[in-house]
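Keeping the supplied structure of chain A fixed, place chain B upon it in accordance with the hints.
Here the protein sequences line up with chains A and B, keeping their order.
Residue numbering for the first sequence is 1163 to 1293, as defined by this note's numbering.
Residue numbering for the second sequence is 144 to 266, as defined by this note's numbering.
Some hints could be false.
[Unchecked claim] Across the chosen pairs, the derived CB separations fall in these ranges:
#1 B:Met179 <-> A:Val1230: 25 to 31 Å
#2 A:Ile1183 <-> B:Trp167: 36 to 42 Å
#3 A:Leu1280 <-> B:Arg152: 43 to 49 Å
#4 A:Gly1265 <-> B:Ala164: 33 to 39 Å
Keep in mind the hints are simulated off the structure, nothing from the lab.
Glycine included, C-beta positions come from ideal geometry on N, C-alpha and C.
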Amino acid sequence: MAEATGSSKRVERPLSPHLQIYRIQMTSVSSILTRITGHALMAGVILGVWWLLAAAVSEPYFALANAVMTSWFGKLVMTGSLWAVWYHYLAGLRHLLFDARLGLEIKTAERLGWACILGSVGLTVLTIVIV
Amino acid sequence: MQYLTDRKRAVGAGAAHSGTAHHWFMTVSSVVLAVMLPVWLYLFGAAIGGTRDQVVAAFANPFTAILTALVLVVSMRHFAKGSAVMVEDYAHGTARKAGLIFVSSLAAVIATTGLYALIRIAL
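With the rest of the complex left out, here is chain A (with noise of 0.2 Å):
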């Protein structure tokens, strides 16, 4: 109903998830950072994986693969894996809570998500120290 009738162009609506339409909030930003860290952990399972398949294969194979996994490069895939996966692992707790009717109330969800940002980082550090 809303084109005009003898009209064949359509209206050119914007597609969810109107990220350009929505203001930048604590609640939306937790939730892309979700996102993006579920698919940024690729980089580090994809390394983890070669890095496995190396050390079953041969000792020279291992022996490139582990000069990559122990290089900058290496670390700075792995530790940045390593907080991606904190995020993901408290982002994916608070939709339990949240699947549980719990945590719903606007000020509730925004400390949640800064909890979220803040314990990955907590976690992250904890995780270097202990390993």
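Only chain B this time, still in chain A's reference frame:
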């Protein structure tokens, strides 16, 4: 003649037309991963930096091998399904089909490669 009414077909299917199956899968896999990951992160992190013999010995341990296999399979299914939703959100038409095939295949290749490496190391 159709015996199911339109209403009956729609109940429980929601806007995604696939009901709650996807959401429930992500819930179950996230809980399972939440239990496994802290232990697995410690074992994997401890293995990094070792010689090949040390790495092979670490992943030949039955507990580490089984846990790594479980983490790989569950996380790659979790990724494939989560990533598929992102593709469905942003891509349309042929790009959507290609994207869905790509993320699903990528997850399968990574999981299978990891399992192959584990089998060679642990068996």
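Query raised in the report: Hint numbers the structure violates, sorted upward?
Result: Those not satisfied are hints 2, 4.
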